[in-house]
Every structure is written in structure tokens, then in C-alpha cells.
Amino acid sequence: MSSLGFVMLCHTALHRAAQVARHWAERDCPVVIHVDRQVKRSRYDDFRRELADLENVRFTKRLRCEWGTWSLVQASQSAAELLLAEFPGVRHVYLASGSCLPLRPVDELQAYLAARPMTDFIESVTIRDVDWTVGGLNDERFKLRFPFSWKRHRFLFDTYVDLQRRVGYRRQLPDGVVPHLGSQWWCLTRQTLTAILQDPRRRELERFFSLVWIPDESYYQTLVRNYARTIESRSLTLSKFDFQGKPHVFYDDHLHLLRRSDCFVARKIWPKANRLYNTFLTDDAAISRMAEPAPGKIDRVFSRALERRTRGRPGLYMHSRFPNPDWENGKTAAPYSVFHGFNDLFLDFEGWLSRRFGTVVHGNIFDPRRARFAGDASTYAGGLSSSATMRDYNPEHFLTSMIWNTRGERQSFMFGPRDSQKIGAFWPPTAMRRFRSSPGLGRCSYTCPTAISPISGRRPPCCSGARSNSSTRCAMSNPAPISGSGRWRNSSKNRWRTCKASSMRPRGPMRSA
Amino acid sequence: MKAFKRYALRLQRKKYLVRAWRKSRALRVVADRTNAIGPQDVLCFCTLRNEKVRLKYFLSYYRDRGISHFLFVDNDSNDGSREYLAEQDDCSVWTTPESYKRARFGMDWINRLLRLYGHKHWCLVVDPDEFLVYPFSDTRPIPALTDWLDASSIKSFGAMILDMYPKGAITAQPYEEGSDPFQIACWFDPGNYVIQRNWQYGNLWIQGGPRARTFFTDAPAKAPALNKIPLVKWHKSYAYASSTHMLLPRGLNLVYDEWGGEKTSGVLLHAKFLDTFSTKAREELERRQHYAASAEYKAYHAGLSENPDFWTKWSERYINWRQLEILGLMSKGNWA
Numbered sequence: 001m002s003s004l005g006f007v008m009l010c011h012t013a014l015h016r017a018a019q020v021a022r023h024w025a026e027r028d029c030p031v032v033i034h035v036d037r038q039v040k041r042s043r044y045d046d047f048r049r050e051l052a053d054l055e056n057v058r059f060t061k062r063l064r065c066e067w068g069t070w071s072l073v074q075a076s077q078s079a080a081e082l083l084l085a086e087f088p089g090v091r092h093v094y095l096a097s098g099s100c101l102p103l104r105p106v107d108e109l110q111a112y113l114a115a116r117p118m119t120d121f122i123e124s125v126t127i128r129d130v131d132w133t134v135g136g137l138n139d140e141r142f143k144l145r146f147p148f149s150w151k152r153h154r155f156l157f158d159t160y161v162d163l164q165r166r167v168g169y170r171r172q173l174p175d176g177v178v179p180h181l182g183s184q185w186w187c188l189t190r191q192t193l194t195a196i197l198q199d200p201r202r203r204e205l206e207r208f209f210s211l212v213w214i215p216d217e218s219y220y221q222t223l224v225r226n227y228a229r230t231i232e233s234r235s236l237t238l239s240k241f242d243f244q245g246k247p248h249v250f251y252d253d254h255l256h257l258l259r260r261s262d263c264f265v266a267r268k269i270w271p272k273a274n275r276l277y278n279t280f281l282t283d284d285a286a287i288s289r290m291a292e293p294a295p296g297k298i299d300r301v302f303s304r305a306l307e308r309r310t311r312g313r314p315g316l317y318m319h320s321r322f323p324n325p326d327w328e329n330g331k332t333a334a335p336y337s338v339f340h341g342f343n344d345l346f347l348d349f350e351g352w353l354s355r356r357f358g359t360v361v362h363g364n365i366f367d368p369r370r371a372r373f374a375g376d377a378s379t380y381a382g383g384l385s386s387s388a389t390m391r392d393y394n395p396e397h398f399l400t401s402m403i404w405n406t407r408g409e410r411q412s413f414m415f416g417p418r419d420s421q422k423i424g425a426f427w428p429p430t431a432m433r434r435f436r437s438s439p440g441l442g443r444c445s446y447t448c449p450t451a452i453s454p455i456s457g458r459r460p461p462c463c464s465g466a467r468s469n470s471s472t473r474c475a476m477s478n479p480a481p482i483s484g485s486g487r488w489r490n491s492s493k494n495r496w497r498t499c500k501a502s503s504m505r506p507r508g509p510m511r512s513a
Numbered sequence: 001m002k003a004f005k006r007y008a009l010r011l012q013r014k015k016y017l018v019r020a021w022r023k024s025r026a027l028r029v030v031a032d033r034t035n036a037i038g039p040q041d042v043l044c045f046c047t048l049r050n051e052k053v054r055l056k057y058f059l060s061y062y063r064d065r066g067i068s069h070f071l072f073v074d075n076d077s078n079d080g081s082r083e084y085l086a087e088q089d090d091c092s093v094w095t096t097p098e099s100y101k102r103a104r105f106g107m108d109w110i111n112r113l114l115r116l117y118g119h120k121h122w123c124l125v126v127d128p129d130e131f132l133v134y135p136f137s138d139t140r141p142i143p144a145l146t147d148w149l150d151a152s153s154i155k156s157f158g159a160m161i162l163d164m165y166p167k168g169a170i171t172a173q174p175y176e177e178g179s180d181p182f183q184i185a186c187w188f189d190p191g192n193y194v195i196q197r198n199w200q201y202g203n204l205w206i207q208g209g210p211r212a213r214t215f216f217t218d219a220p221a222k223a224p225a226l227n228k229i230p231l232v233k234w235h236k237s238y239a240y241a242s243s244t245h246m247l248l249p250r251g252l253n254l255v256y257d258e259w260g261g262e263k264t265s266g267v268l269l270h271a272k273f274l275d276t277f278s279t280k281a282r283e284e285l286e287r288r289q290h291y292a293a294s295a296e297y298k299a300y301h302a303g304l305s306e307n308p309d310f311w312t313k314w315s316e317r318y319i320n321w322r323q324l325e326i327l328g329l330m331s332k333g334n335w336a
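Same order as they appear, the protein sequences are chains A and B.
Using the working numbering, read the first sequence as starting at 1 and increasing by one per residue.
Using the working numbering, read the second sequence as starting at 1 and increasing by one per residue.
Honestly, I wouldn't trust all of these hints.
If you want the ones that stay clear, here's a sample from chain B, every Cβ over 12 Å from chain A, calculated [to be verified]:
(1) Lys-14
(2) Arg-25
(3) Thr-34
(4) Arg-104
(5) Phe-182
(6) Asp-218
(7) Asn-227
(8) Thr-312
(9) Lys-313
(10) Ile-319
(11) Ile-326
(12) Lys-332
Result set (DSSO-like, lysine-lysine): computed pairs, CA atoms no more than 27 Å apart in a straight line [stated by the list, open to error]:
(13) B:Lys-313 - B:Lys-167
(14) A:Lys-151 - B:Lys-167
(15) B:Lys-222 - A:Lys-422
(16) B:Lys-167 - B:Lys-14
(17) A:Lys-151 - B:Lys-222
(18) B:Lys-120 - A:Lys-246
(19) A:Lys-40 - B:Lys-236
(20) B:Lys-233 - A:Lys-268
(21) A:Lys-268 - B:Lys-120
(22) B:Lys-233 - A:Lys-272
Keep in mind the hints are simulated off the structure, nothing from the lab.
No residue lacks a Cβ here, since even glycine has one placed at the ideal position from N, Cα and C.
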């Protein structure tokens, strides 16, 4: 007789649930199955027939289950009671769902539990330590009443919560109840589970928890604190949740990821992931390493999904990311430099700058005739056309695309009053203000840097005696001058670092002239 | 949005549905195997005319990705497309000699078929030269995607058209029936797209790519739209408003995130620019059945006779969906 029994809650993909139940039952682990009342009678009968030859599989009375309601706890209670009563040899009870899949041989799990006979594996944390609940309801789960279904009666649910908040209603916690939350998939010892199910105050506690929101994440997790001797506050079931609190589904291509996690059971598995089911439901003399489950090993994949879904890639505009103004999290993918007016004053300024910084320096990419890309190319990175009409059709996206397409390579370009000015609206207001405050070339609101503007009216652009004394400062930072930086909202202070004009002066052309 | 505007859109949707019914009376059944459609099936809807050479690969591509049934509207083909499709076990075929243009470029016929057969199914509406690439499309079939979308309560899935072209003249390498068109047309423009919001319908309007860069340099506003919403959990009250670019009700058009995040999206690889294109362009120019007085085809015709090469040194060679994801042409979003 096995020392480990399973309770399975099933509602969809029954053929897969049957496969998993058979896997456990054939390896001498009793299984008690609860099937949702909403499953059609004929499908349920087929399911039972499929498992009829297994004598250590039992079925409990079917209840109508709904996510986030007390019915799920009821189902697990009745199934656990049946399991404990019918299989006295069971020392640990494992709660699983129909879309769970064992990742390691049952023997390993049994040995792991046998080595920890008095330990309950259940994630059970106080509300303060929880960072994973979604929707803002943490302690209110216990302090308000939730008689309405969130899935079916959203309006009533929201209205009733709102009403309770307004009138300041607070529920009284029963004596000895310290709210704890955690994953609803646990593995408890017979002693603890019996104590919970045979608690003399069970009625009273049930009355309380039946109006808590998502009680399957708090009923056992709270009560276990009153009875257990040793609690390992983690679930043996690997499950990852996304930003909406919905479990990530595992597919065939997650095979190696799942292997690497060393967890005993994973959820949820896509029912049509044939390769996963075929691989993990066979005993191919798995290498028993007795490794400690390490769900954290595969966190990176899922935390990146979260990051991508909530923050996205800065500076990317595409058909599934089109942020409203000021929600871009970076207007462009990277900082870039705009040199305003320099090339009107100095011969071959672009060439000098490019040599000096070792980067690509464009000419006036907003030139009214055509975009002057570096090297006078007719197309540039990403297939950007140098056509002025194309560029002026949407200058903002012309610029953001250019910066996105050249990620990892600093972009610098020239700009001047003669250029097409539509792009001006895109540039950060802080920089624009700075431009305006400097003495300028007449009408244009953003003029060339201060070091150069005093002479620009009087001398030819390539004048040799530009007497800019060394104390004159130019608004060029090093190496990122007047940049419309990618994150300008946060870094307006450092962007305007100044430097000595002398150290930045393009020497070549000045001497030769 | 003002109430009367919302109501106007509602009326418009109804109008499209009535129009679809009216125009669909010209459809004649060639092969109706819609009884075989199961409740969980993902369906593919497609209008075509003289595309026989593409069909073999088209069908095998989507069969491999888990499409269970194809519903075709044949617009008076005379190259054997209709007969070929009628022989396929998973295809239902309708035919009509009526004007493609007057059926709102085939959308009326498709809207009708969607209403009749697409209700409560995930429906993919594509042209025979469009091949859907979505995150993990090399390892997961389309039903994996639709199951996930269902679980996330998402009803529509956006994809951008990505024009694929060969290196050198497009007539240089002939396309053989049944072969992968992207062996020949394997280049694309990775980053020259411009996006605007269409406030009335709530969708994005994307233009750019090789067509805009080659044929529409003087009139970029006329360049073809590249935004599409090809995969929708259909309800009989829905209607495509303009090609598959936008839908009504307008909530379905919100396939992009407005608060900085990325939603899951795909790309429709467009195998238009094969050697078959110049004949097709000439034919379509004579038929004058395309959008905006076939302005697009006029431009193509003028452009192709001058310089038929789209390739530049900034073109990217197609490898797989991960490449497109890195380039920012599609996103895995929250799907991991």
C-alpha cells in the first residue's frame, strides 16, 4: 500500500486527466477524482469507464464548481475525506488538478515525502508578504463578503464590494484565524488534513470562508497554521502565473524547461501537448537524482513575458504596441544626438565628428530635398527611404524607426533652421525650452548652440578666425550633446552637461581655411 | 465617443450584414462539406481568383498548423483552382462570376460565410498569398494560440502584412507549384513602417515596406495598408468593415497596447512578389476590380516595368519568427 494518495479536481480535457490518474494509480497511488458537475453526463460516464479497471481510483459526488468560489474547497474536502477513509495507508495527500502532469517518477516523490514524514508542503504566507495577488484585493478578501460570482455577475460583484467599502463594513475574523494565502495546490500529511477536516469548529470556519474571495487559496493555507508541526511554505506543484493572475500554460517546447525545474508536478499543461504527456508519463528509467525542486530556475522566461507585456521594449512602435503620449517608457530606443547649426559653420563637421567619436554621423536628415544619411545613401537601416516626401509623411516614425533599427549604435545627425521643422514637436519640451532661452537665429525657436550663435550672423560658415575663446561654453555634452534622449523625462539634469568649446572644436577644417 | 457616433457604427455594422446577405445570393455552391466542421475547429476563409499555382502550398501550410476546414469563395477562376479545391476533403467551395469590387473586394461574401459558418469558431481570414506567422509557430499549432487567447479572454489577434520579395528581378526565379514561396521571396524590409491611429474605428493604420518605398515615394498616403486582424473568435453579429484591416464592433480592433506594453501579435508573410506577379498585375489592371481604381496596380505596373528589384542592402533575409520578434515586427506579449 502506497503512502501517497492523490486528489484530482477535473473539469476539462478528461482524457488527459484519465491518463494522469492511470499513471498514478498503476504505480500504486490511490486517486480520488472530483469531476465538475458542469461536465456532461455522457462525457463523465466515458471518463469513469476509462478508469473502471483500476481498483484504487474513486470518484466523489460531483459538485458544480466555479472559479473563485467556495465550491472548489468543498470538492477538495469531500475528495480528501473519501481518500483518508478508504485508504488508511496514505500518509500524504497531494491535491492536483486535471491539467497537472507529473514531471518526475512517483517513486521519487514518495521517497522525498517519506524522508519528511511530518512536513506539510503548502504555500502559506501572510497577506503582508504577498506580492502576487492581482486586482488589488488582499486583506479585503477576508474583510469583505463576496457572495457574487466574479465570472458571471461581475457588475454585482463590483457594486457589492464598492458598497461595503463605502459604508466601511468589516467582517469579524473567527477566533484563532490569522489570514494566510498561497497556491491552492498542496501536499498535506494525514495528521494535518484530518485535524482540519475534523475540527470541532469546522462549521463556523466554513461559514466564514465560504464568503471569502477565492477561498481555495486561503482555507487550507490559513488553517494549516493552527495544526501543522512543520510547514514548508512552498507548493510542490510548479505553476507560473502571468500579470492577470492566470496560470501560464506549458507546451511541447517547454519540455527542457520543465525537466530543468526538477519539480514533481507541473500545471497547467496544454491538453494537446502530446510530446509532454508521452515523455513524462513513461518510466524511461529516469535518472533519479533526488534533486531539490527548483521552480526558480525557469523564472526568467516568465518574468520576461511579464516585463514585455507590461512595459514593452522602449522606443518600439508596432502593430501590437502603440503607446499613448507619455506612456512610451522611452520615446526612442536609445539616446541620440542632434547637432544644431554646427555644419553651417564648420566645413566637414560631420566627417570630423565621425572620426572623433568613431560613430556614424548623419547630415541633415530633415533636409527639405532629401534625408542626408551618412555616406549620402538612398536607403538606410531598416530600409528607410531618403525621399523627403516619405519622411515628411510621418517624421516622428521616421526618427523612431531610425533609432530602433540602429540599436547598439549611437546616432548623431545635423539639424538646422533650413530643415523641415515638423519633427520639432516630437522633441522633449525641456530641450525645446533650453533652445528658446538661448539667443537665436531670428524666428526659429531652437537655435544653434550659444558658443556659435554670436558669430553666425557676421561671418561666413567656414571662417577661419572663429574667435570662440576657450571659456565659451557650448551646449554639447560628452559624447551626447543636445540629445533628444530616449528617457528624457527622467534625466533632464545631466543632459545639459557642458564642456569647453576649445576641446570640442573641429580642428581640421579650421586650420586649413 | 459620443452616443450617436456609436449608434452610427452600429447601423453601419448592420448595413454590412444586410449587404453581405444581399451580395451572397450570387454565390453558388461547388462543394459544401461544412457538416464536417467540429465545435472546436479553427476555420480558414479565403477569396481567390486564378491562384491554382499557390493553393497546394497554401493548404499544406495551414493544415500543418492545425486549420481544420477551409472555406473558399472562388471569383470566376479559369485556371482550375475551383476544381482543385472541390476535390479536397477539408475544403468547402463557393463560386461567383459577380464583381469583386462591388462585393467590397470580396468582403461581403466572406462576411456572409463567416456569419453562417464561423459563429463561435476561431476564424482565420487570409488571401492565398498570406501566411500567418505567430509566436512559437514552429512548435505550436494555431489551436494552441487560440486556446490561449480564449483563456485570456482575447477575441481578436492582430498581424501585420510583411511584403516578401526576392533578390534581383522578381521574374528571375520561377515559382513551382507546391514549393515554399519564401525560398525565393525571402527578403523583407525590417523597419520602415509608419503607424497612425484611426480614431473612428480604433485600429492602427500601418503603411510602409518595399511597396511604399518603391511605388509610392511621391504619394506615401496612398500606399497600401499593412495592418490586419486575420484571426477572430467570430460571433455572427461581427462584420469586417474594410478588407481584414478593421472590424465592427470596434473593440475588436484594439489588438495593440496603449500603455506601453506589448500584446501578442503575429505577421502575415506576403508572397505577392513572385514571378506570377507581373502577369497578375497586368490582368488586374485590365479588370479594374481593385481598391481605389486599382491605383496600387497602376503604380506597380509603372514601377515594375522600370525597375523590378526591391532589394537593398538593408533588406533582411527571413529566418524564423524569433527573428521577426527581435526586429520588433511582432511580439510574444504575455505568451511564454
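>> Minimum C-beta separation from Lys-313 (chain B) to chain A exceeding 12 Å: can you confirm that?
In response: violated (8 Å)
>> Holds or violated: Lys-120 (chain B) and Lys-246 (chain A), Cα atoms, limit 27 Å.
In response: Distance ~23 Å between Lys-120 (chain B) and Lys-246 (chain A) Cα, so the pair holds.
> Holds or violated: are the alpha carbons of Lys-313 (chain B) and Lys-167 (chain B) at most 27 Å from each other?
Replying inline: Judged against 27 Å, a Cα distance of about 10 Å means the pair holds.
> Would Lys-332 (chain B) pass as off the interface with chain A, using Cβ distances and a cut of 12 Å?
Replying inline: violated (7 Å)
>> The output says Asp-218 (chain B) does not contact chain A. Does that hold with a beta carbon cutoff of 12 Å?
In response: At about 6 Å from chain A, Asp-218 (chain B) fails to clear the 12 Å cut-off, so the statement is violated.
> Taking the closest pair, is the beta carbon of Thr-34 (chain B) still more than 12 Å from chain A?
Replying inline: holds (23 Å)
> Are the Cα atoms of Lys-167 (chain B) and Lys-14 (chain B) separated by 27 Å or less?
Replying inline: violated (46 Å)
> Far enough from chain A: is every CB of that chain over 12 Å from the CB of Arg-104 (chain B)?
Replying inline: holds (23 Å)
> Does the claim that Thr-312 (chain B) lies outside the interface with chain A hold up, using a Cβ gap greater than 12 Å?
Replying inline: At roughly 5 Å from the nearest Cβ of chain A, Thr-312 (chain B) sits no farther out than 12 Å, so the non-interface label is violated.
> Regarding the pair Lys-233 (chain B) and Lys-268 (chain A), is the alpha-carbon distance no greater than 27 Å?
Replying inline: Holds, at about 23 Å.
> Do the alpha carbons of Lys-268 (chain A) and Lys-120 (chain B) lie within 27 Å of each other, as the hint requires?
Replying inline: OK: Lys-268 (chain A) and Lys-120 (chain B) at ~24 Å, within 27 Å.
>> Need the status of pair Lys-233 (chain B), Lys-272 (chain A): alpha-carbon distance at most 27 Å?
In response: The given pair, whose Cα atoms are some 20 Å apart, holds under the 27 Å limit.
Of the numbered hints listed earlier, those contradicted by the structure are 6, 7, 8, 9, 11, 12, 14, 16, 17.
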